[in-house]
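Protein chains in written order, with our numbering: chain A, 20 to 388; chain B, 4 to 243.
Just so you know, the hints here were simulated from the structure itself, not pulled from any lab data.
Hints are supplied without guarantee of correctness; some may be wrong.
[What the hints assert, rightly or not] Derived DSS-like pairs: lysine-lysine, alpha-carbon spacing no greater than 30 Å straight-line:
no. : chain 1 : residue 1 : chain 2 : residue 2
1   : A       : Lys205    : A       : Lys131
2   : A       : Lys200    : A       : Lys168
3   : A       : Lys282    : B       : Lys160
4   : A       : Lys205    : A       : Lys69
5   : A       : Lys275    : A       : Lys298
6   : A       : Lys34     : A       : Lys131
7   : A       : Lys369    : B       : Lys123
8   : A       : Lys43     : A       : Lys205
9   : A       : Lys43     : A       : Lys64
10  : A       : Lys243    : A       : Lys43
11  : B       : Lys50     : A       : Lys282
12  : A       : Lys64     : A       : Lys243
13  : A       : Lys371    : B       : Lys123
14  : A       : Lys371    : A       : Lys345
15  : A       : Lys371    : B       : Lys106
16  : B       : Lys123    : B       : Lys106
17  : A       : Lys64     : A       : Lys205
18  : A       : Lys243    : B       : Lys50
19  : A       : Lys298    : A       : Lys64
20  : A       : Lys369    : B       : Lys160
21  : A       : Lys131    : A       : Lys168
22  : A       : Lys298    : B       : Lys123
23  : B       : Lys123    : B       : Lys101
24  : A       : Lys298    : B       : Lys50
25  : B       : Lys50     : A       : Lys345
26  : A       : Lys34     : A       : Lys171
27  : A       : Lys69     : A       : Lys131
28  : A       : Lys371    : B       : Lys160
29  : B       : Lys101    : A       : Lys371
30  : B       : Lys122    : A       : Lys369
31  : A       : Lys275    : B       : Lys50
32  : A       : Lys369    : B       : Lys50
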Amino acid sequence: MENQRPTFYEELRGKGVSRRDFIKFCTTMAAFMGLEASGVAQIAKAFETKPRLPVIWFHFQECTCCSESFIRASHPIVADIILDKISLDYQETLMAASGAPAEAAYKAVMEKHPGEYIVMVEGSIPTENEAYCCIGGRSALQILQEAVKNCKAVVAWGNCASAGCVQAASPNPTGAKPVHKVISGKPVINVQGCPPIADVMAGVVVHLLTFDRIPQLDGMSRPKAFYSRRVHDTCYRRANFDAGLFVESFDDEGAKRGYCLYKMGCKGPVTYNSCGIIKWNDSVSYPIQSGHPCIGCAEEGFWDNGPFYQHLPGVAGFGIETTADKVGLGLGIGTAVGIAAHAVVTNVRKHKEIINEPEAGSEVETKKV
Amino acid sequence: MRNRTTPLREVHVWELPVRFYHWINALCVVTLCVTGYIIGNPPAFMKGTEAYFNYWFGTVRFIHFVTAFVFFFNFIFRLYWGFTGNEFARWYNYIPLKRCQWKEMLEVIKVDVLQLTNKKIDSIGHNSLASFIYFLTFLIFLLQCLTGFGMYAAMSKSFLPQMFAWVVPFLGGDMHVRQIHHILMWGFILFAIVHMYLVFYHDYIERRGVTSSMIGGWKFIEEDVVERHDNRTEECPKKI
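Kindly generate the complete structure, drawing on both the sequences and the hints.
Below you can see the structure in the form of structure tokens.
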């Protein structure tokens, strides 16, 4: 039965989704992924002809916000087909099974579809002591390493799985590590964000299904289609930045006028994500549009580069709110004091050289005119 | 009027390209530090207006980027001149590979920093300690170019910035890169303070015309020092 898996389209029609709605879905996805018009047909064809993609979805050290985000994808079919009905053979939060049957379900995927299934991971993996995260009596590391052995690709959902997120922030008590640091030999797609935008997650899944290969990735293994531009460069408030119009406190005139939140600690200029374009919650808004600075949740180590409401991060070893500027100014004053002291000492100790007196016995003659 | 006849020789120390490099570099560093500091901590002096009418912050950033290109090529030129310039400009002055260079550094610390003795340092160009500090500043130049163009790469498709696109992933994201770039700026500021003080200091103590030498190229060196330099048996640092 599993060998003749129904296609996505068959499953959808079986559920009562009309052809029209299906094409709408394909068009939406093509737009999110930045494909040209012919991409719509490619997506439709893939969904009509390809059997469903077997997926194992693990939850390790995380808060499930990635799953929460995913099921709120803007197009109802996205969550419905990819998450709920078709793809997931194993998903701890959403599956009905528990205990032994659940374990059996994901083992069955690994056995029946070697080299075909996708491993999706939410959460970081503890390495300080593997016992910090155990499921069914086995550690997260053991489960993951076994599962990726025969998988096609790994999708790391969110900042936890991509960079460790809050668990990996200093002092990182569990030794939390992202997926790409604990496995090797398999392509890892880092779908960054805390959580990632639902439509970005859907876009990655649709890409995997449509083109049978991983999307083009940037230097940090993030899909270029969604992470190639800074939030800052796509921000609708950007004109205020270039004009030098800044909010200076959350209740000032600038905040009312929608000025740039740069001075409020907005991390948009150092964060790569699609928040300014795709936005959140059915493209209603995103943090900056709602008057709050970006906290940079799609970047590695964003917790340690705080405070959130300060433009310059603190300098490690100098206290939380000490910026490079404060340290630099302190060093500058120290240098100036040192120079002043040196100048005084010079005038005392090098007096002879300064007044240019010849040393005893030298051939230099002094004329008084 | 007090005056003295001291047997001096005029020595052409800084060639024209070195002097050009120095002043272009100085201008660039000042411009980059000022604009860079503004970019990191912009004054919000405009209020109650619309973005449509202004572009001053964009202009500050533009000046920063253009100056960065000038700084970069000027730096590359100086590296080249380190292989073709005169003996005072050559690269081997700046990297302390020889024991005698370290010895002179200790002497400079004794004579000029701690002022324990009144002996004069013989060096005609930079002394060994100064050269080593310049070597460190060159490393900062390099890091500043790497981090700066690394961040710029996301905004430009052109060849030069794209060569630095690997820097951001290598250092773990823009946040870290920007922080490093910002901290290193303070290196330039501290260097400039000490550098200018020491120019005054040496002119005041030694009267070899070190300040004007970066304009005219000539220093006035005591005859015996020049003779010792010309007749030295072992070269330090060794000419390569």
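task: May I ask which of the numbered hints given earlier this structure violates, with the numbers listed in increasing order?
output: Checked against the structure, the hints that fail are numbers 8, 14, 18, 20, 22, 28, 29, 32, while the rest are satisfied.
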